[in-house]
Structures are given as structure tokens and as C-alpha cells.
Amino acid sequence: MSRENSLVSAQWVEEHLDDPKVVLIEVDEDTSSYDRSHIRGAIKLDWTTDLQDQVRRDFVSKAQFEALLSDRGVANDDTVVLYGGNNNWFAAYAYWYFKLYGHQDVKLLDGGRKKWELDARELTDEPVKREATSYTATEQDLSIRAFRDETVAAIGTQNLVDVRSPDEYAGRLLAPAHLPQEQAQRAGHIPTAANVPWSKAANDDGTFKSDDDLRKIYEEAGVDFGKDTIAYCRIGERSSHTWFVLKELLGQENVKNYDGSWTEYGSLVGVPVALGDEAGVA
Amino acid sequence: MCGATEGGLSLAGVDVAKEAVIQGQVTRDGEPLAGAYVRLLDRTGEFTAEVPTSATGHFRFFAGDGQWTLRTLAPKAEPVDKVVHAATGSVAEVVIQVG
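Chains as they are written, first to last, in the numbering used here: chain A, 2 to 283; chain B, 192 to 290.
Simulated from the structure, these hints should not be mistaken for laboratory data. Glycine is no exception: its CB is placed at the ideal position from the N, C-alpha and C atoms. Don't take every hint at face value.
27 Å max Cα-Cα, derived DSSO-like pairs, lysine-lysine [as the list claims (entries may be wrong)]:
hint	chain 1	residue 1	chain 2	residue 2
1	B	267	A	210
2	B	273	A	130
3	B	273	A	116
4	A	228	B	209
5	A	116	B	209
One side of the interface only, derived from the structure: several residues of chain B facing chain A at Cβ under 7 Å [as the list claims (entries may be wrong)]:
hint	residue
6	203
7	205
8	228
9	233
10	238
11	252
12	268
13	272
Computed spacing ranges between beta-carbons, pair by pair [claimed, not checked]:
hint	chain 1	residue 1	chain 2	residue 2	range
14	B	223	A	124	14 to 22 Å
15	A	6	B	236	39 to 47 Å
16	B	236	A	12	44 to 52 Å
17	A	150	B	268	25 to 33 Å
18	A	278	B	206	45 to 53 Å
19	A	254	B	273	42 to 50 Å
20	B	268	A	210	33 to 41 Å
21	B	273	A	12	28 to 36 Å
22	A	124	B	290	34 to 42 Å
23	A	5	B	273	50 to 58 Å
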């Protein structure tokens, strides 16, 4: 993959607003944000209801994903362009999710909703309805999804990249600071994980830094591009942002997102946990 | 849940005694500014969180004890940085004016 195949600019989106084969999808935790205003023609996916099983902690099944996209009017040969708030955290998560279920042509709007707003581009509250389709997904591509056991096994052998803020990594905070801090799981990080906050990959306006800058950031943090990599955060959405950088922008092979992330790992009995700013030992 | 609600989460149901809250309002020309972005940077300048301001220009963070920087971005304005100190059990109130 490369930047040209996986990322589009706000200008590109504006020029393709009336292209019927380009489907804009807003994904944001704050779904009222879409309801108040969105890019013209964009549909909404709700990551908590549309993309999560409502009983178990897992994703919707292949059949549910097919039903969802068919109902929302997304076709297999559509170009899906995802954007959202929070510097595209949830849009990147949806991007990874679309890849997991085998959608071929999916892209991120560079900078997401914030860049669009800071550019003072047009937003609308007009309802959007697309004609239903008959969408077919593939089985999950588990080459991009890590589970807890392989994450534990990766300690000291693969690159583990903890993309949370330094204070969460060290155990001084348990969640991003726009959320209350009282949480059930233990604080800290997976031993040997490098701390490369997702935000290092983005400019203040939410757009991605250049490939050269990105490569340097991970190399300086001790990520060995010759090894396989697992990225994690708290619930797997910020690490989707980093997965996107490593896999789609920099073209690294064998990069997985551990969507269980710290809310799972920090609740496991018996696994090693490192506290403080140092990576810790295997 | 990890996303940022406009203006930040409400304090309803939150045990404020256990939180180091930083909150405030962004204004332009004396008027509340909706749709600005307030970023919370840690003592090393690293990003920690971000929320868009509410319709009344408000924002809120749940930080930790110590010094933080608020960086505010708004359309057609230069970023504004403001240093703030947070402490568990108290609410740091900040007013930010953008040009």
C-alpha cells in the first residue's frame, strides 16, 4: 500500500462529492456530531452499535457486516472514504475493520473532520439515503488482527508499539484525558513495548506527517522494521491509526492491531506489566 | 468508549473528588466560540487529549496532578497555548481567547 492508494485530501473529497461510486462515511464516537452536520452525501456508521456485537466483546459477524453495508447502500466496488472526529481515530478503526472484512478500495480523508472544519469547508444536516445493495464480505483477514495470546507471546520477540499518551503508558493515567480516570484495569504497559503516541504521526490539524518523518519517528523509538509488529492502545482505535501509518502509508508487512488492547490486557490475570517510562524487560 | 464529545463529558455521575478536572471556555471577540479544538499537552509537550468546544464554547478534561498546556485551534486563527495546573479533587477553570 501507499499514501496514494489509502489517503485522500479534503480537496479530492470536495471534487468527488457528486461521484456516485465514492461513498463518504463518517465514523465518530459522538454520533450526534454527524446528526448536527456532516459532509454532503456522507452516511454514518456507529462504531458502538453497527460495528460491535451487542452481547459479547467482539466484532459483528461476516453476515452482519454484509447486512449492514447492504442496508446502508455500500457496494463491493465502491470507493469508501472514511472520516471522523478525534483526528480520525474511529475512521482509522473503521478503515482497518473494512480491510478486515476484505473491502478493496477504502481510503481515509487526511485530517478527518477537524481538517475539514478548520478549512471552513461546507457541512450540511441534510439526511442521506443510499439505495440498498447486496454486499459480500470475505472472512476476517486475521493477518491484521492480533489476539491476547499472540500479544503475550510477542513480548521480547516482536515490535510491540503502545500508541497511548506517555502518561497512560507509564501508568499515571488510565484513559485519554477527555475521559474520567477511574477504571477497572491495572495501569501500565506491556513489557518491552515502545511508546510511540499515535499523535506523533499527525500534525496539529490531524493530517499525517510525511513518510520520511514517520519512518524516523518509529525508528528513533526503537521499532525494528525487520520484525513483525503489534500495535495497541486502550480499546484499539488509536492503534488502528498507527496500524494505518505502518501498514498502509509505510508499507510494512505483518503489522497487526490488537483490538483487545489495554482494557483487555490490563485485566488479565498473571501477565507481566511494566510501570513507568521505561519499556521494561521480557 | 474513547471518543471526545463536544465540550467534553458531563460531570454527571463522575466522582469529581477522584479527578483532576481542567475545564473552561473559548471565546473570540468576547463571544463563546463553538467548534474550536482544544488539545491537552503533557509537561513534555506531548499530546494527551483533544475535544471540540461545545455550542457555548466549553471544554473539559480529566487530567492528572501537575502542569499541562492547552493548545487551542480555530478556523482563521493562530493556535493559542495556555499553561494550566491540575490537582486531584479540584477543578481548574480556564478562559481562552483566540484572535
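Results of checking the hints against the structure:
1. B/267 - A/210: holds, 22 Å
2. B/273 - A/130: violated, 43 Å
3. B/273 - A/116: holds, 22 Å
4. A/228 - B/209: Violated - the C-alpha atoms of residue 209 of chain B and residue 228 of chain A are around 41 Å apart, more than 27 Å.
5. A/116 - B/209: Roughly 34 Å between the alpha carbons, so the hint for residue 116 of chain A and residue 209 of chain B is violated.
6. 203: With a closest approach of 11 Å, the residue 203 of chain B hint is violated.
7. 205: holds, 5 Å
8. 228: Interface hint status for residue 228 of chain B: holds (6 Å vs cutoff 7 Å).
9. 233: holds, 6 Å
10. 238: holds, 3 Å
11. 252: Holds. Min distance 5 Å.
12. 268: With Cβ-Cβ at 9 Å, over 7 Å, it is violated.
13. 272: violated, 11 Å
14. B/223 - A/124: 14 to 22 Å: Holds - the Cβ-Cβ distance for residue 223 of chain B and residue 124 of chain A, about 19 Å, lies within 14 to 22 Å.
15. A/6 - B/236: 39 to 47 Å: Check failed, 33 Å falls outside 39 to 47 Å.
16. B/236 - A/12: 44 to 52 Å: violated, 30 Å
17. A/150 - B/268: 25 to 33 Å: Since the Cβ atoms of residue 150 of chain A and residue 268 of chain B sit about 49 Å apart, the hinted range of 25 to 33 Å is violated.
18. A/278 - B/206: 45 to 53 Å: About 28 Å separates the Cβ atoms of residue 278 of chain A and residue 206 of chain B, which means 45 to 53 Å is violated.
19. A/254 - B/273: 42 to 50 Å: holds, 44 Å
20. B/268 - A/210: 33 to 41 Å: Taking Cβ atoms as reference, residue 268 of chain B and residue 210 of chain A lie about 22 Å apart, which means the hint is violated.
21. B/273 - A/12: 28 to 36 Å: holds, 32 Å
22. A/124 - B/290: 34 to 42 Å: violated, 23 Å
23. A/5 - B/273: 50 to 58 Å: violated, 39 Å
Consistency note: the structure conflicts with the earlier hints numbered 2, 4, 5, 6, 12, 13, 15, 16, 17, 18, 20, 22 and 23.
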